[in-house]
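Protein sequence lines, in the order shown, are assigned to chains A and B. Per my numbering, residue 1 is the first one in the first sequence, and the count goes up by one each step. Per my numbering, residue 1 is the first one in the second sequence, and the count goes up by one each step.
Note that these hints are calculated values from the structure, not bench results. Certain hints may be false.
[What the hints assert, rightly or not] Straight-line distance between alpha carbons at most 30 Å, and here's what the computed BS3-like set of lysine-lysine pairs gives:
# : chain 1 : residue 1 : chain 2 : residue 2
1 : B       : K72       : A       : K76
2 : A       : K73       : B       : K93
3 : B       : K32       : A       : K7
4 : B       : K96       : B       : K67
5 : B       : K47       : A       : K76
6 : A       : K97       : B       : K93
Quick caveat: nothing in here was measured; it's all calculated off a predicted structure.
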Amino acid sequence: MQYPDLKEIERRPRQYWNADGLPDLMIGALWIVWGAAFLLPDLLPPGEWMRYYWMLVAPILIGGGAASNWAIKRVKERLTFPRTGYVEWTEPGFLQKTVPALLAAGVAAGVVLLVRQEQSIGTVVAPAVALILAMAFLAASVWQKLPHYLWSAGMSLTLALVFASSRMSLARGLECLFLVLGALSVLIGALRLRAYLRRNPVTQGGEA
Amino acid sequence: MNPDELRHLAEVDRVIHEPARLLIVALLAGVKEADFLYLQRESGLTKGNLSSHLAKLEQAAYVEIVKTFKGKIPLTLVSLTRQGRTAFGAYKKGMKNLFAGERGEPL
């Protein structure tokens, strides 16, 4: 007797959320902004502003995650939902939202403090971040059945190897990582969005 | 199949057990709410068929249906009620036990 894989069916809305390429596009744009934030201090003349730069930029970068989620929803309302239907996620609870954010902020602050004390640690952080991202992409690709994440996983792994062999500094490594992964994600997202829009023209009449 | 397993089989929730309704409920289990268009595309059912199954699920208080408008276009929002989620959880558990007894495969 063949029984349907209910877990696979329950996972479909999550796959649907990624089907149009918009999350890749928006997250890629966000990563490019993050990469640019690491690059900017090198491009501008040094001065007093450098002391306040990260105090101002860090909250903007952290808030960028929420802003990109908001933007994804707004664009989906115009492009995706009228074509293939609307879904809304169950909002995670307060603890589910805040604990990972606080944990990430704590780890980031810890890394910054460590690097300030011992500069050489910085050369290990960039490859480590790239490796963790590669594993995260691989996991998302397998568990959520999203094969296009394999490209990002492969790129992250390549960058991890490049960073490890070149002993790139923390700022250079993160700048390079976010700019390259951001550009790749934007490219993949744009191609997927174009294919999705071609496959699903807006149907006139009927339900929204 | 022992008498206990046979009893479980007889007690299965028939509202959810019907394949089309099982698909609808499983799709809704992963979200807060979804619209009619999404459910229709994902399930492959016709409008009439989907409406009929949704009506049965609503009758059993497993789903809540809100009819609204987005601009001038009608929008039907469907969500699984607390009762629906509980029933789906119980159904999965019951079937898992049943199938585990038969061949040990998880649902």
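Legend entry - 30 Å limit on alpha-carbon distance, applied to hinted pair K32 of chain B and K7 of chain A: holds (17 Å)
Legend entry - Hinted pair K72 of chain B and K76 of chain A, Cα distance within 30 Å: Distance of about 19 Å is within 30 Å: holds.
Inset, instruction - Given the hint that K97 of chain A pairs with K93 of chain B, test it: the Cα-Cα distance must not exceed 30 Å. - result: Roughly 29 Å between the alpha carbons, so the hint for K97 of chain A and K93 of chain B holds.
Legend entry - Pairwise hint evaluation, K76 of chain A against K47 of chain B, where the allowed Cα distance is 30 Å at most: The hint holds at about 23 Å.
Inset, instruction - Could you grab the alpha-carbon distance between K73 of chain A and K93 of chain B and see if it respects the 30 Å cut-off? - result: Between K73 of chain A and K93 of chain B the Cα gap is close to 34 Å, so the pair fails against 30 Å, i.e. violated.
Inset, instruction - Compare the distance between the alpha carbons of K96 of chain B and K67 of chain B with 30 Å, and conclude whether the hinted pair is satisfied. - result: Violated, at about 35 Å.
Checked against the numbered hints above, the structure violates hints 2, 4; every other hint is satisfied.
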